[in-house]
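J.: Next come the chains, spelled out residue by residue.
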Amino acid sequence: MNNNLFTYCLRLGDNGLILSHRIAEYCSAGPQLEEDLAITNVGLDLLGQAESFLKYAADIKGGGTTEDDLAFKRKEKEYLCVHLTEIPNIDYAYIMARQFLMDVYNYYLFQKLTASKDTVIAGISAKAIKEITYHLSRSADWIVRLGQGTDESHLRIQTAFNDLWMFTDELFETDEIEKDLANKGIGVDSSSLKEDWKNKTKEIFSQAGLQTPTIEKHSLAYGKFGSHTEYLGFLLAEMQHIPLLYPDAKW
Amino acid sequence: MMEDSKKLEEFQAKIDADVKIEPKDWMPEKYRQNLIRQISQHAHSEIIGMQPEGNWLTRAPSLRSKKILMAKIQDEAGHGLYLYCAAETLGVKREQFLKWLHDGVAKYSSVFNYPTLSWADIGAIGWLVDGAAIVNQVSLQGTSYGPYSRAMVKICKEESFHQRQGYEIIVNLANGTKEQKQMAQDALDRWWWPSIMMFGPHDADSAHSNQSLKWKIKRESNDELRQRYIDKTIHQGEHLGLTFPDENLKWNDKTKHYDYSPIDWDEFWNVVKGNGPGNKARLAHHTKAHNDGAWVREAAIAFQEKQKLKSKIA
Ligand SMILES: [Fe+2]
Ligand SMILES: [Fe+2]
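One line per chain: the protein sequences are P and H, in this order.
Numbering of the first sequence is given in this note's numbering, commencing with residue 22 and proceeding in unit increments.
Numbering of the second sequence is given in this note's numbering, commencing with residue 18 and proceeding in unit increments.
Treat each hint with caution, since some may be false.
[Claimed, not checked] Keeping only pairs whose Cα atoms sit at most 30 Å apart, straight-line, the calculated DSSO-like set for lysine-lysine is:
id, chain 1, residue 1, chain 2, residue 2
1, H, K31, H, K233
2, H, K84, P, K133
3, H, K84, P, K94
4, H, K124, H, K174
5, P, K96, H, K84
6, H, K124, H, K231
7, P, K148, H, K174
8, P, K223, P, K200
9, H, K47, H, K231
10, H, K325, P, K223
[Claimed, not checked] Far from chain H, by Cβ distances over 10 Å, these chain P residues were calculated:
id, residue
11, D80
12, M187
13, E191
14, S248
15, Y252
[Said to hold, decoys possible] Just so you have them, the derived chain H footprint on chain P, three or more residues with Cβ under 8 Å:
id, stretch
16, 51-60
17, 172-185
Note that these hints are calculated values from the structure, not bench results.
Beta carbons: idealized from backbone N, C-alpha and C, even for Gly.
Produce the complete structure using the sequences and hints provided.
T.: Written out as structure tokens, the structure is:
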């Protein structure tokens, strides 16, 4: 089995899996019906992307492994999502800030992945980039709207970004697995996305009248390498509940 | 007065000729009030109904079922939106409808006050609750008020998918392990009677029914619709080896319909009056979401105003 490719697909799949789960938690709690609809759309896209990557990972692993086995039956340390996706739905400002930061990242990542020499990854990414382009335009609109809306919305969205900023470092962290796949033209070295990401967030922040928080190096052990926030365990306990309780059942 | 009775005659003639009534047309005040009540109640049901299903969205046991359930709940939000829009054509704003909901003035379908206690309940809701809703909504496609009728046509296109996804969950469970089959039976036991009650009181006891039928707001009576639902559902359950919780349920060769036991109207009215297991929690959830979102809606309006001002200056 190609271990590097397997790990890489888990990272891509888990980001979508966990972020879409957070969106699922927000079901029927949006500020208005139009937002319930729109945010669920995003959640559905992310869940679909996760399913595709986990299915590919399951195929690589072989031995009858399914995408559901990977989604529901791994240990916490075996999930490889970034910390940002694990952050709870504190309020609408945090939800949109989290989404925007991930959308910008995914936008540049998947643009590159559409050119992957691995045809499965290229195929999934070609579909995903269309979805992500819409996600980004929606979340960027909201960042501007909240930044320029009322004093309260400005304060709330700025606070959310200030709090979440420490988790953005991880997005550009790279390792031997990524470097290997990047060299082969299959994957992307995350550190190569940083310039574009910084410029885009700066552009939207300036439209929104928001301050870019200062980057400080944090002493975090990262999610993409299997070390998580305290939040993830609870999320998994809920998500894995039925498959673990009825290990023999099919659904 | 003379003019009014003439208008009323013309109005009834239009109804009798199956001409749709449109928002700008003259209509009796009672017709308007009746529609405001019914359409908003229908809209509230769509959005409150998101909660019992959302309760299991984070515990859906497979990626596929999670995707389907998420899409289904999203559809219901869309249905709510269509219906609020249709109701707004009668001169009341959505904010007001929501206030009536939160104040307990407006009702929603009582069935959503029952708890979802297992994954099988998600199947039962799709199979039975959406299954009952479809019967009602197919009939309402022929309602006399144009915007309501068109909303129903759009909604019906999506509803059959809802019923199928629910039934598919039940089929899987009924063919699964012993525990899964028990789960399906337990869900049927709990959801069967509430789904039958969704059609409301018997025709003889229904406060709004006669006038509604005359104005073609409703096209068929509660009991007719209820019977159609029961008749189409029984074989779907028996086919899977599930038992309906009604010992008097049997095919009547004379009437060509299923007979069933008397409905427990005490329970029905008790839940309608707010004493169901979930009434308080459902309303509290919706009210909280709405209040928590106030600053977001205010920001969106403020931003829009600023943009307008900018484009005026420019
Ligand atoms: Fe619906
Ligand atoms: Fe439905």
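J.: Against each hint, give a clear statement of whether it holds in the structure.
T.: Status of each hint after checking the structure:
no. : hint            : verdict
1   : H:K31 x H:K233  : 11 Å, holds
2   : H:K84 x P:K133  : 27 Å, holds
3   : H:K84 x P:K94   : 18 Å, holds
4   : H:K124 x H:K174 : 25 Å, holds
5   : P:K96 x H:K84   : 23 Å, holds
6   : H:K124 x H:K231 : 23 Å, holds
7   : P:K148 x H:K174 : 26 Å, holds
8   : P:K223 x P:K200 : 27 Å, holds
9   : H:K47 x H:K231  : 12 Å, holds
10  : H:K325 x P:K223 : 25 Å, holds
11  : D80             : 15 Å, holds
12  : M187            : 25 Å, holds
13  : E191            : 24 Å, holds
14  : S248            : 23 Å, holds
15  : Y252            : 13 Å, holds
16  : 51-60           : holds (count 8)
17  : 172-185         : holds (count 3)
The structure agrees with every numbered hint stated previously.
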